[in-house]
Structures are given as structure tokens and as C-alpha cells.
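A.B. asks: Chains A and B, in that order, are what the protein sequence lines are.
Quick note: the first sequence, position 148, residue 148 per the numbering used here, numbers continuous.
Each position in the second sequence, counted from 1, maps to that position plus 1000 in the numbering used here.
Hints should not be assumed to be uniformly reliable.
Claimed, not checked - For lysine to any residue, the following SDA-like pairs were computed, each having C-alpha atoms within a straight-line distance of at most 20 Å: (1) B:Lys1161 <-> B:Thr1150; (2) B:Lys1257 <-> B:Asp1304; (3) B:Lys1197 <-> A:Pro325; (4) A:Lys161 <-> B:Glu1168; (5) A:Lys337 <-> B:Arg1167; (6) B:Lys1197 <-> A:Arg326; (7) A:Lys197 <-> B:Thr1150; (8) B:Lys1197 <-> A:Tyr255.
Since the hints were made in silico from the structure, they are not lab data.
There are 2 protein chains.
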Amino acid sequence: MRIAVLGGDGYCGWPTALYLSQRGHDVAIVDNFLRRLWDHELGAPTLTPIRSLPERLRTWHRHTGKAIESFVGDVTDYEFLSTLFKEFEPEAIVHFAEQRAAPYSMIDRQHAVFTQVNNVVGTLNVLFAIREFQPECHLVKLGTMGEYGTPNIDIEEGFIKIQHNGREDVLPFPKQPGSFYHLSKVHDSHNIAFCCKIWELRATDLNQGVVYGTVTDEVALDEALVNRFDYDEVFGTALNRFCVQAAIQHPLTVYGKGGQTRGFLDIRDTVRCVELACLNAAGRGEFRVFNQFTEQFSVSQLADMIQVAAHKFGLCVRIDHLPDPRVESEQHYYNAKHTKLTDLGLKPHLLSESLLDSLVNIAVKYRDRIDDSILLPRVNWREARNDRRRAPALAVAAKAPRSNGKANGRGNGRVRQVSPVPVA
Amino acid sequence: MRIAVLGGDGYCGWPTALYLSQRGHDVAIVDNFLRRLWDHELGAPTLTPIRSLPERLRTWHRHTGKAIESFVGDVTDYEFLSTLFKEFEPEAIVHFAEQRAAPYSMIDRQHAVFTQVNNVVGTLNVLFAIREFQPECHLVKLGTMGEYGTPNIDIEEGFIKIQHNGREDVLPFPKQPGSFYHLSKVHDSHNIAFCCKIWELRATDLNQGVVYGTVTDEVALDEALVNRFDYDEVFGTALNRFCVQAAIQHPLTVYGKGGQTRGFLDIRDTVRCVELACLNAAGRGEFRVFNQFTEQFSVSQLADMIQVAAHKFGLCVRIDHLPDPRVESEQHYYNAKHTKLTDLGLKPHLLSESLLDSLVNIAVKYRDRIDDSILLPRVNWREARNDRRRAPALAVAAKAPRSNGKANGRGNGRVRQVSPVPVA
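One chain only, chain A, in its complex shape:
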């Protein structure tokens, strides 16, 4: 199958592209490297030393004999996207090419506007390009479980049957997203549903949970294929961040009470879910929603598990409860359905002791690259301007010995905040 992975240089996109290539699909990676630019903007590089895309692709070819094409450009640029469709003729588009961090979207007005315009326009362009060039092409779009928020009822997969005043209908599940980023995904979902209806497009919205881990079989083939691993307060997902904190014996930073419960999944399941969606395409005119996660945990549960795993490495960390920088329920009901992907054959990698060990192990392996100044939250949902140029929060607790001081050099409070790249 000819599959274009938009955002194929990123945290989920890269291992997905490799996995699909390994499985025998013809893969093209589409990326504009904005994610790498944000490393510089935030002064928060990936823990793992990722290589340039050309080097990654050369390494992949050397190991497997498989060629992955690359298209360098921005999906908000329709001319560029048109070229991709005309040259590659994708049968499926896997669309990761969005700004994906809630805190990034909450930095200030510019970042909020950038996130929504970038994500919404990119997805609109993809929809128009499919309609114009490749109407049978199946859109596999990465959404987020965060679109639903935390309602006091069970969360269904995209749609819910509602009985009301003696009548009933199956309607889109009501959305209560919790950041400008999550809102952008809700906007996308509405736009995609509409285009499926008017143009009879095929689309699958993968409402993904929080991803953890960084290694897949493909990524593990060579150090030059290593995946990015974000641990900073902006792009680092909770479990990955806790592992890094444990590695340097920094307290695990739980926001608020820690009762915030979310769906989680291993990155090895991300790549498999995407392939399952591609192999089992939505029908013409069908807008389909899968909840893509395998287990629910509260943030406190995760912190407890990492604390135990770290102990085996001789790392003693305490758990700190910080004031929650987000506006969210800290204790709530949460029960989200997620059977559609297992019905298609997903065999989940559940969060095990051995996986936790390997996660902590990665953080320990790269401990010298950890910058402890980017761990604590500096983006507060209650503020309309979060000036990240100011010195980071001072409440940094005991840390492990550092082999050199250089890794800390970026957190000196002189990080210059650049504007997000505007849409052309």
C-alpha cells in the first residue's frame, strides 16, 4: 500500500513510517521540520540524539534495503501538498503533521493562533487535496482522547446514541477539549466529518491517548534510527518526563492531586494501530472514530509506578504535587471505550514492570544530556501570556550528580522566545 506519513520525522511519525516500511508498504515521509525548530525555540532538545532525516533514511535503507521517499515541505502550503499527491499518489494519508503539545498552544496568543491555524489549515488542505487528486485515498488522522475532556459519563468512540424527549439519534460525542491544541483537534474532527459527508471521502480519526516509550523494533536497529524522546514541560508526555526525573533523582512532578485520569498506550501500539486503520479502510463517505489507547491510569498511579521502577536502579525519588498549571478536574470519573482497534486485531503492549525498567534505563543511558531546568511547568493555563524568557521556576529539588555542567547550559533563563512560524 502507498502510504504518506505527514509529520513522519516526529515522535510518533518516525517509528510509524519505519514500521509501515518494514511491513512492506511504500512509504513517503512528509515533513517541514517545524518540530526540530521548536526544540530551538524552547531550548528543549530531545533527550536522544536524533539524526537528520537524510541520515535516518540512508541508515534505514542500508539495514533493510527499503527506500522511504521524503517530501520536505509544509502541508499548509497547498502547492507543495498537490505535488505530493501528484507524484506519490497515496492510497492512505497518515496525518501527524500538527503542533501536538497542549502547553505550547497555551504559551500566549501567538502560539494559540499558530496552533489552531496550522492544524486546521493543514487538515483542510489535506481534505481538499484528497478530493481533488485522489478521492479514494483514506485519511488516517491523528486526533486525541483529549477532545472528549472528562465528562461524567462513559466516553464512546466518536458517537453516542442520545434519547431525548421520546426521540433518539446517534450524534457526535460532545467535546470538551482542555487547551487551544486540543481545541484544534476538535475543529479538525468537525471539518473531516463534514468533508466525508459532502465529498464521500474516507476517514478514520484516531483519538489517541498519551503515548509512552520511544523504542520499536525498527528504531532499535541502529543508533542512527533513534526516536526523539521529549521530557520538557512543553512537549514531554507525563510518563516519559517521570522517567527522566527519576534518572536524575529529581522529584516526580505531579500536577495537583494527580487524580487526572487519561488513556495511555505504548508507542509500539501507536504504529500498529495506524497500520490496522490503513489496512481496514473506512468506506466511501464514512467518518470513523477509534479511541486509540490500551489502558487508563491516573497521573499519580504513573508516578507511583516510576518511583518503584527507579528504586531498582538505586534511584530514590519522591513525588511532589505542584499546583496544577492546567485548568482541569483533579479528581473525576473516567471510563473511555476502546474496543474498535482490538476488534481489528490489536494486541496491546500493556505497561509492565519490564517496560518501565527499560524506559528508566533509556533515561539513565542519556542522563548526561538531561537539562533539569526544563522540567518544571512554566506555562500556566490561567495566564494569557507566559513569558518563557524569564528564569525558570526556582523550586528545583535535589538532583543526581552530573558528569558535566554543559547539559544545564540551556536553562539559564536567557532562552529567547521566537515567534511561531506563520502560515503563508
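Dock chain B against the given chain A, drawing on the hints supplied.
C.D. replies: Okay, now just chain B, sitting in the frame of chain A:
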């Protein structure tokens, strides 16, 4: 009360600004005249000869002694918007400043992207400006009943209590908007609800029905205060368009079966509803939704009523059913609640015989300005590119005698389509 009317030069904004001024409020009009530019883009000027904003405001002052301030600029320009907030210090913002035509948003990709970016960014800017400069300011935002679509259950005012698997919650009413324009309003609603939550803003989302009429007491004071009256396939709302068609004995063009049922209201109720919302502000942190319409009609019912009213003017028109250019249900259940504004004191102007007469009368009065080439639908929802430069549809039926041929000169197929103005 100090009220800024964003989009105060437009079809709803202008009479609203005058009404609020007449009622003793301090009013500022904020507009960038994009709506006037679209007249030129589409070759479809307002039926009524509207005057420039300065002339309008001078005339208003001469008649009433009341001054309305004007701020000329674009709400997607945050610096401009900041100036408004700092200089005018509004207690309420009435936000009409959006691209408001579904067909305009469906012309092609550029118009879809423009509509969503313009509307979403404008509203985000307003929210940030309130947060930054005037956190007590009440946002009165024009939404649309079209956000709900046509579910098979009763439509509530913004929220619905859902019982599911033995639990219940009150959640946002599920949205099924039917154009890129309607989608932009759904995006806005989600963004506004979120900002009310995180920043404790006050907001009222007025989900307005289809507005008809053009005259209010204020507008009627002087010919130089006349309101715009759109009758073309892009910006003309159904009832207004039917009146114009009747005036030139052009068949009334009902799309499809005509069973499409919507909420409607008189423009005199629009202005009153906005004032009621302003006078009864939402609480801090409250996101409130009012369904702003007074009666439901199907499109066929409206056509029948206009046919009867026209007959009294000696105008015989038939009703044509054209293939529906939109993708929508042509027969469906529709029952939308609309009690919150009447609870606040709205006394509706229901659609009466005498009002229908006066509407047809306006169309007859300006008959010489009617261009019959812009009546028939040329924007098809099923197409991704509707090239309006092509000659208009040829199926134009019998028409009334014309006093000169000039009015038809714009419909000669050479209308050049300009790009929508991009966001800076």
C-alpha cells in the same frame, strides 16, 4: 453601557449599532469593510444603495444628536484590536465581524480556509483582548442555529442532559454544521467555552436563525441610513431572495424538496436580542447559549407565503424546485428550543402578512437595481472548486419589464473572482 459592535457596518451590525445608540448606549462601530469588498468580488452589490460609514454616521448624528465612534480595522489584527480596547474600554463586545455566508465558504479551498482562519482568529483575538485589557467585558458573540444541523431529536439551547449507562451529565449539544462557514462558528463556540472556563470570562453565544427584513425604526429615519439587502445566491438569505425574485417575476428558487426547516427572525428582533443579552450579562466564567430565532419555517412554506404576498402586487410567480446545491436533508425532523430570550423579555415580531407586503414592497421599490444573473445557485457543495467566473446558469425564467438594461450588466459572465483577503 459602552458597547463595541464588531462588524457594525454589515447587515445585522449596522441596525444593531443604531438601535443600541438610540437606546442610550455609548456605541463604537468596528469594521474593515470586507463585506463591501465581497460585493465587488462577487459582482453582487446590495439591492439598497448603502452609503459610506462616515456618511451614515453623520446622518445619524444629524437626526439624533448621538455620536457613534468608528474604528476602522481588522479584528484579526491584534494591535488594532488592542487599540480599540484601550481607547474605548468596552463593557460589552457584540461580535458580528465574521464571514457569514455558507456559499461563500464553499466556493473553493481558498474561501474555505479564509472563512475559517478569519473567523477563528478574529474570535481568538477578541477573547485574548478581553482577558488582557477588560476581563469584566461581556462577549456577545453571533453564532448560528446552523451549528446544530438537523438532528432527529429536539435541539436545546447549547447544552443537553445526557443519560448514559446509568450516569448522567450536562454536555455541549452535539454539533453537525453544514458548511465551512457553519463549521467556523462551531470552532468559535468551542474556543469561547474554553476561555470562559480558564479565564473566567463572560460570554453569550447567540445561535441566530436566518434573518429577514432590512428595516428598523432607526434605519427608516433617513435614506442615508438604509441597511444593506442581499439577494444573490451567496449572501442573500432565503426570504430576502424570494422577495427580489417576486419583484421581477422570476420564479422563486427552492432548493430540492424545500422541506429544509430552519429558525427565522425579523431583523428588528436581532437588534433587540443583542440588547437583551448585553443588559443581562453572563456571570464571570459563564458560557451561555441562546437560540436566537422566533419561528420555524420550511423553505417551501416561505416560498408559498411570498407567492401569495406578491400576488397582491399583481406579481405572478411560480415556484421552481432546483437540484439542491447543498448537501443537506430535504425532509427532516426539526424542533429547536428558543425560550431564553423571551424569558429575558423579547416580544417577537412574527412573520405577518403586512411584513411580507413591506418586504416585497422594498424589492419592488429598488427593482431597477436587481441583477437577475446573480440569483441562481452556482456554488455546489459537492464540488471542491466552484469557478464563478464562468457564465451564470442559463435557466433564467420570465422576468418583469426592466427600466434599463444596465442593472444586468454585471452578470455577463466576466465577473473576475478575487482571492479572499488573507490574514496578516
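A.B. asks: Each of the hints needs a verdict: does it hold here or not?
C.D. replies: Do the hints match the structure? See the list:
1. Restraint check for B:Lys1161 and B:Thr1150: the C-alpha separation of about 18 Å stays at or below 20 Å, so the hint holds.
2. This hinted pair checks out: B:Lys1257 and B:Asp1304 have alpha carbons roughly 13 Å apart, not beyond 20 Å.
3. A hinted pair counts as satisfied when its Cα atoms are at most 20 Å apart, and B:Lys1197 with A:Pro325 qualifies at roughly 14 Å.
4. Annotation: proposed proximity of A:Lys161 to B:Glu1168 holds, straight-line Cα distance about 13 Å (limit 20 Å).
5. Distance check on the hinted pair: A:Lys337 and B:Arg1167 sit about 15 Å apart at the alpha-carbon level, within 20 Å; holds.
6. Annotation: proposed proximity of B:Lys1197 to A:Arg326 holds, straight-line Cα distance about 11 Å (limit 20 Å).
7. In summary, the hint linking A:Lys197 to B:Thr1150 is supported, as the alpha carbons are separated by about 14 Å, within the 20 Å threshold.
8. Taking the CA atoms of B:Lys1197 and A:Tyr255, the gap is about 18 Å. The hint holds against a cut of 20 Å.
Checked against the numbered hints given earlier, the structure satisfies every one of them.
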